[in-house]
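**Student:** Build the complex: two chains, separate frames, hints provided.
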Amino acid sequence: MTELRAVQTGRSLSVPRVETRSQRSRSLDVLVALTAFVVLALLPSLFGSKALLDFVIRCSAFGLFATSLNLLVGYTGMISFGHGMFFGIGAYSFGLLMQRAGVSIPVAFVAALLITAIAAAIIGAICVRLKAIYFAFVTLAFQMLIHSTILAWASLTGGDQGLRGGIPRPVFLGVDLSNHLHLYVTSCALLVLGLLLMRQIAQSPFGYTLRMIRDNANRASFVGIDVWRAKLMVFVLAAVFASAGGIVMALFVSGAYPEFAYWTISGEGIFINMLGGVTTFLGPMVGTVLLLTLNDTVTRLTDYYGIVLGIVILFFAIGLRKGLMDFAVGWYTRRREREHC
Amino acid sequence: MDLDALTGCLASPACLVTQTTSGFIIGMLLFLVAVGLTLIFGVLKIVNFSHGAFYMFGAYFAMTAYQVSGSFALAILCGALGTAVLGLIFERVFMSRVYGADILMQLLVCYAFVLIFDDVVRMVWGPEFKSMGMPAAFQVMPLFIAGGVVPPYYLLLIGIALAVAVILGVGLARSRIGKVIRAAAQNPAMVSALGINPGLIYGGVFALGGMLAGLAGALAAPVRSLTPGMGFSVLIESFIVTVIGGMGSILGALIGALLIGLIRSFGSLGFPLFTEGLMYLFMVIVLVTRPTGLFGKEVA
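Chains as they are written, first to last, in the numbering used here: chain Z, 1 to 341; chain D, 1001 to 1300.
So here's chain D without its partners, still in its complex pose (with noise of 0.2 Å):
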């Protein structure tokens, strides 16, 4: 334990900027993953232990796709479509088949590819660590916010991933695709009655989900190293904040993600050994206290 590094960082407000961007950092990215868990969780009635995988997948199509294209542009359009394309297949091959069945079966499912996608990976990038590099465009000058360090990456990042949680946001609660996926997530047999087919739209959430998973990759490959595996403690870190913020919603998803972002950040260093068991803690916290997460509706 090291209170007084935390205590000394929150007294100087250079310090103060630069672990509260790294923790909006890692809370966006996190935002990014969570919140296709959580859409998924709310439409699919399904925990998809394999959305780290996603994750995965998009850090490696954008380092190949940078590596063939070398444009930026290019390689998270390719991370984010890539992965789209293979939640499709995924959800309509695999676990379109387990919906009825007992979430034993359903997380076996994901299991099995999360063992599988991470072989594939191995087999095909190699086993050891990748890195992607910096695109040319961002390796400028840091800015200095209050004597912080912020890189203007780290901007873009911010920003993109806040704009997708406002389009989101408002897609679902306005427009006509976002009020379908929300009537099949309460009623899918009368959804479907009404001539809309569920199986679509259950692909869909599914390959949006995959999505944005592949985004938070792509955009993590210039920061994060690649590795098979990779996707697992992220995994972990968003199941932790949709489960805080509540399962199926999306303002839960950005404050947990926030809050989790923020405990790392600080939490490394005030308790550098037990940043884990922090998060570990508040969610046990909040389980208790609200089991349905800080913004999760009351499930009967």
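With the rest of the complex left out, here is chain Z (with noise of 0.2 Å):
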């Protein structure tokens, strides 16, 4: 009874101290992210070309997915070779309530998020009790299984030649969504927004939790936190944030075929936060940008992409040994410790 007594007076004595700290950082985060949603807002009245805003829209369907993919990679250690299939279930129920159900957008955004949801938490349910590199292998086998099914069931998602016939884009709240502009005011939205609710997570009690788990799945459970429980959780959390990417990915190209939810979509979610980093917030955003822009500008000069691009990957891999944002907090770190000295 008095060990008890003592866990709760620890408790209450620290938590007002991390609420203020948490408060600020939280106010700032807001901040940033207002500035930078008007900031991409304005950016179409500066440079007018069409080009840099699909970029811009690409790099939001990819951030978002790749940010969400980083909530499991960097912050609980569960490394998926899956995570692409809620991309892929993202775009496809996305499109077909739009081309079926004649549904307004925002109800067709909300049911995919929650269609999403419920797989994810059925697969979790089967693959976040595995460790390690079994995790990683039996997400990669329900992607698989999930590419099969939508190339199998040609009468519902049209098979191998995917949704055709457009995304039917409905005015609703005087958006527009087939007028270029507001297509991409809306994804910059969706990106900035995603991004602040998954800082909020990764910032939360919950998110350190999450930390606590990679580092020491044993000790986290010894304290009381049911592991299984804050892996599925986060799990479903991480495929809504993706599936998110995977709608404005859909409304992008106005279809969904079944390269979104193939295992390569998984791979380059990996490979950019590999290039990004994974031990902070926006490596994944800079690795998203930094693959884009790769791949715009090697496709454009040369055949052999992947010659490039393989070199720029042993680059990081061999060279760097981590991803840009990590090596550059370590660079930054490492001189200020210097100056102090």
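Check before you lean on any hint, since a few could be wrong.
Sample of chain Z residues with no beta-carbon within 12 Å of chain D, all distances over it, derived [said to hold, decoys possible]:
no., residue
1, LEU96
2, LEU130
3, VAL227
4, MET274
5, PHE281
6, ILE311
Reference listing, derived: stretches of chain Z covered by chain D, where coverage requires no fewer than 3 residues with Cβ under 8 Å from a Cβ of chain D [what the hints assert, rightly or not]:
no., segment
7, 23 to 37
8, 45 to 54
9, 151 to 161
Label pairs and their calculated CB-CB ranges [to be verified]:
no., chain 1, residue 1, chain 2, residue 2, range
10, Z, PHE222, D, ASP1102, 18 to 28 Å
11, D, PHE1232, Z, LEU197, 52 to 62 Å
12, Z, ARG211, D, GLY1008, 33 to 43 Å
13, D, PHE1138, Z, ASP303, 34 to 44 Å
14, D, PHE1232, Z, ARG211, 34 to 44 Å
Calculated from the structure, these hints are not laboratory results. Keep in mind that this is a model prediction, so the values were computed, not measured. In this text, a Cβ means the ideal position worked out from N, Cα and C, and glycines have one as well.
**Tutor:** Structure representation (structure tokens):
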């Protein structure tokens, strides 16, 4: 009984300090997010080029996806090779709802996220109890199972042709997503909102629980954390944000294709994370911009895209041995330490 | 779904023989690739995602050697030895640098080489489909067993793969080198303290794995079409095989490969569109019920 009380007083002592600090950083996050959104929204009036706007829309889709993957890989230490399935499920369920059910865009959006959450809860309940490399294998297997199902269920999904005929985009609340500028601002808003929400999750007590599970799952369960539940929770949350990325992609290309659920999307997500770095929150976003820029320039310049990309990857994996943001943060702290000495 | 075709085939001995042999062919080629994958994982604790590229190089090396010399035996030899050298260089120069690192870093290095190797093949041999053609010695009448068609080349293929399985199994269990390799898998520090260079063992195992994948590629060259990126589907399937059989187990690789081969050949009758789905479903079931695979040892 005394022990119990000691624990309780200990907690009540430390809570207020944490609260005030996170309160301040939270308003800072909101401020940064608002600034980023305003800058992105003003971009079209400065540079009118359609290619740039397209680039930002693609960055939004992949940025949401890659950052959500980092919730699993970087924060919880769950290396998922199948995260792309939720990107695909989001794109397909949104596209199908718009084509077949004829509902409004916000309804289809929320419903698609819900469908993804349910799918992720079922798949996650099976997967998350497996450890390390076996978790990676089983998520990969589920990803390919979903991909095969999309190919085989041609009457619903259009098989290997994908969802064709375009996704209808009725006007809602004065927003017309068939207008390129409206689509651009909407995807920027979704990106900023998604990143802000994920940042809140990462900095919340739940986020710190995840870091604890990553560092030592046994210890976490000794202090009374239900590791399985926490892992399942973050698996579902990450899936929902990945699904939002898929929906942005579906809106952008006005369709959904089996490649969205193929393992290469997951591979690209992992690659983006490694490129940008997994120890900072914005690392995956930096990685997204890097990879997409690299993609666009290299494919324009040479046919042998693989060799160039391969060499860049080798440079990161063997040369830097970490992602760009991790490297930059490490370099910065080392320099500051030297200055202090 | 076409269950009638499947039950119809199961009732007819001719179809049964044909489908079983084609399943065995797929399975045996997969086994040769997967056993290298499983050996490398067992000893080096690395999932070699670029293993499919060795299969591809084996096939292209064999085709070139066959076109130059006209000898099929030489073609196979070239395919196997060429990829062995490639494996050795790849391990010593690149992979050995990321042994201590994160598994994601190892994966990235492999992924980089998948991209690079595919483009190298595209540069050297061109992007189009190539075919090597069946060697004259095997352009004979197929055998008929219970009404089912069995080309003699298939028998050679199955024979070689089975021989490899036996040599590897016995060699690892009994020979001195086999014992050293198993010791290095368990405790590399102790092995190196006994005066054996672990780098040599690692390089050797990687070369052996590469050689087996190259052998599979060379053997597949007469019956499959060659294209850059051909290693990829083989990699994914042999990956399923090793996971099902248990990472690090040779017997597991053999049984897993045959199971996947049979699922493919019979599944393509019953579920033509969902054959791959069946394999992944099987993989999920095995992983969920026995995460370490059918023959894998419990790893801590």
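**Student:** Evaluate each hint against the coordinates.
**Tutor:** Right, here's what the structure says about each hint:
{"no.": "1", "hint": "LEU96", "result": "holds (19 Å)"}
{"no.": "2", "hint": "LEU130", "result": "violated (5 Å)"}
{"no.": "3", "hint": "VAL227", "result": "holds (16 Å)"}
{"no.": "4", "hint": "MET274", "result": "violated (6 Å)"}
{"no.": "5", "hint": "PHE281", "result": "holds (18 Å)"}
{"no.": "6", "hint": "ILE311", "result": "violated (7 Å)"}
{"no.": "7", "hint": "23 to 37", "result": "violated (count 0)"}
{"no.": "8", "hint": "45 to 54", "result": "violated (count 0)"}
{"no.": "9", "hint": "151 to 161", "result": "holds (count 4)"}
{"no.": "10", "hint": "PHE222(Z) with ASP1102(D): 18 to 28 Å", "result": "holds (26 Å)"}
{"no.": "11", "hint": "PHE1232(D) with LEU197(Z): 52 to 62 Å", "result": "violated (36 Å)"}
{"no.": "12", "hint": "ARG211(Z) with GLY1008(D): 33 to 43 Å", "result": "violated (58 Å)"}
{"no.": "13", "hint": "PHE1138(D) with ASP303(Z): 34 to 44 Å", "result": "holds (37 Å)"}
{"no.": "14", "hint": "PHE1232(D) with ARG211(Z): 34 to 44 Å", "result": "holds (36 Å)"}
The structure shown violates the earlier hints numbered 2, 4, 6, 7, 8, 11, 12.
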